[in-house]
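Student: Given the coordinates of chain A, work out where chain B should sit on it, guided by the hints.
As they're listed, the protein sequences go chains A and B. Letter by letter, the first sequence follows residues 0 to 271 in numbering that gives the first Met the number 0. Letter by letter, the second sequence follows residues 0 to 277 in numbering that gives the first Met the number 0.
If you're looking for bench data, these hints aren't it; they were derived computationally from the structure. A couple of the hints might just be wrong.
As the list claims (entries may be wrong) - Short, incomplete list of chain B residues facing chain A, as computed with Cβ under 8 Å:
1. A65
2. E92
3. C97
4. T119
5. I121
6. H124
7. C153
8. L163
9. H225
10. T226
11. L229
What the hints assert, rightly or not - One-sided excerpt, in silico: chain A residues whose CB lies under 10 Å from chain B:
12. P25
13. H53
14. L68
15. S88
16. L147
17. S149
18. E192
19. F213
20. G257
Computed from a predicted structure; not experimentally measured. Every residue gets a Cβ at the ideal spot worked out from N, C-alpha and C, and that includes glycine.
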Amino acid sequence: MTAERNPLPRELRPGIVWLGDCWEVPFRGTTLHSYNSVYLVEGERCALLVEAGHPQDLDVIQAQLEARLAATGLALSYVFATHQETPHSAGIGRVLSSYPSAQLVGDVRDYHFVFPEYEDRFRPMRVGESLDLGGTKFSIVEAVIKDLPSTQWGFDASSRTLFPGDGFAFAHYHDAGMCGRFAEEVVALPIAEMTARFAENALYWTTFTPMDPFVARLEALIARCGIEMIAPTHGLPIGDIEATLPAIAEGLRACYVGPDAGDPPYVDNYLT
Amino acid sequence: MRVSDAITTLSSRHVGGGKLVILSCIDAIDARDSRFATSARGYAPTNSYLLVEDDRSLLIDTGLRAHCGRLVEAVTELVGRSRLAILHTRLGEYESVCNTAALIDAIDVEVLYGNQHAATWIGFHPDERRPAMPRSHRLATEETLAVDEDGQRCLDVFMARLRLLPTFWAFDRLTGTLFTSDMFSYVTRARDDGPWVIGADDDDTAFEAVEQHLLTGRYWWLSHAHTEQLAEALEAVFARYDVSRIAPGYGCVLEGREVVRRHVAMVASVLRASRAAS
Chain A
0 MTAERNPLPR ELRPGIVWLG DCWEVPFRGT TLHSYNSVYL VEGERCALLV EAGHPQDLDV
60 IQAQLEARLA ATGLALSYVF ATHQETPHSA GIGRVLSSYP SAQLVGDVRD YHFVFPEYED
120 RFRPMRVGES LDLGGTKFSI VEAVIKDLPS TQWGFDASSR TLFPGDGFAF AHYHDAGMCG
180 RFAEEVVALP IAEMTARFAE NALYWTTFTP MDPFVARLEA LIARCGIEMI APTHGLPIGD
240 IEATLPAIAE GLRACYVGPD AGDPPYVDNY LT
Chain B
0 MRVSDAITTL SSRHVGGGKL VILSCIDAID ARDSRFATSA RGYAPTNSYL LVEDDRSLLI
60 DTGLRAHCGR LVEAVTELVG RSRLAILHTR LGEYESVCNT AALIDAIDVE VLYGNQHAAT
120 WIGFHPDERR PAMPRSHRLA TEETLAVDED GQRCLDVFMA RLRLLPTFWA FDRLTGTLFT
180 SDMFSYVTRA RDDGPWVIGA DDDDTAFEAV EQHLLTGRYW WLSHAHTEQL AEALEAVFAR
240 YDVSRIAPGY GCVLEGREVV RRHVAMVASV LRASRAAS
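Isolated chain A (complex conformation) (with noise of 0.2 Å):
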């Protein structure tokens, strides 16, 4: 992906930054791609980093929120990981060691292994607990379609976004011109499709799960909290989740093989 066809970043809703760039993966003898995207939220104070991104990301993704700092006048007084995981937290050193004011916050175990130098600035939070970066909060809430059992999601009060990094997981084509897009402005994208393959892939375990009670967890979380925008890390944006829910469930439940159905399908070297 060279930098001119990068159509990020893209400022979603005033003050929700979408950074990053597409990640291109092979499957099947054709390419895909994916997202490990990084959001900037924005308050009337100071702003906080959603993701710290993927390692091959990194060059692009500290140009593009050095600049949207420069433009705003905003500190970055925080970064968030949903997880421990390199697609989503790999730069977490280059953030901290760019901005010596910002903190790391959310579950921060494992970090003093792999960023040692910055265990000072981790500050745990835990789900419920929440930062006010001036005209809006961000809350730390429960994470309902996980892999590592530290993950956290994140929602912001004033835009209504939900932060649900690997929740929400799905590929889409680069020849289509679905890059940068939100999931409602594409049309031909089979975002159950590729929910599936995406959740078989990544989210194995729901191979093996009934996901209904997971979907339903879903969508009392989505009411209780009045998100109005969902922000995953690897799927497009969700603007409409009415019209868009429906499918990212459908494609989770497809992948359910069920106890006595024999092997899970073939399942790729693809996507993390």
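Tutor: Using the frame of chain A, we list chain B on its own:
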């Protein structure tokens, strides 16, 4: 206590006539380590493994950044002037990749193995310059790698059926060692002097400890899942390979066929019990 102040030591043990070196970095377990229960205490190794041949060696996982200095120094000394291949069992997790860039800087690394193009997954520390990258080899779901130049020593590498994230297990035919990445990773020690390789005489692991480690840790989803297929798949691996040593990415190494049989039975029982509960 900051990790730099903690008791982090490197224990290296040569087995299989010196053909396999177990490199274990030992840390105290506390609530900052999500690999173990929050209340767990004691000591645990994080392991890398070096398969040694005269002309070429193969390292399985490059360990955590906090262990970089000791680990790179040890590998450099062991490898000498021969070339190195690196196999990452879980490319997206820190235990597998943290010190790969540092090793490339220090040693003649010939190839990086992983489930993706490994060169794009490394070199993320702020003080790390991205080194000239060796060749990346994207692993198939199952394949055999040659450790030495002549292909006499074979490592069977395959996508683990029992896994959380994309994970490769590997079987070293020469030493009978199965490298299991994040699985069989639950044996820790109360004291900081080990032993880090557990034989029949040292093995006091209880079924409840195995169950707690799996169901309250990264295999939390087992209690929601239908798992008979996974239990059968696990047993099939051990029917296929004559395993005399289980070598996890963290936690103590399990040594000897008797110990291997016991632990396979315990993990399979956890899987079947969680199915019954679901």
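Student: Does each hint fit the structure? Answer for all of them.
Tutor: Tested hints:
no., hint, result
1, A65, "holds, 5 Å"
2, E92, "holds, 6 Å"
3, C97, "holds, 6 Å"
4, T119, "holds, 4 Å"
5, I121, "holds, 6 Å"
6, H124, "holds, 5 Å"
7, C153, "violated, 20 Å"
8, L163, "holds, 5 Å"
9, H225, "holds, 4 Å"
10, T226, "holds, 6 Å"
11, L229, "holds, 7 Å"
12, P25, "holds, 8 Å"
13, H53, "holds, 8 Å"
14, L68, "violated, 17 Å"
15, S88, "holds, 9 Å"
16, L147, "holds, 6 Å"
17, S149, "holds, 5 Å"
18, E192, "violated, 20 Å"
19, F213, "holds, 8 Å"
20, G257, "holds, 7 Å"
Going through the hint list in order, the structure does not satisfy hints 7, 14 and 18.
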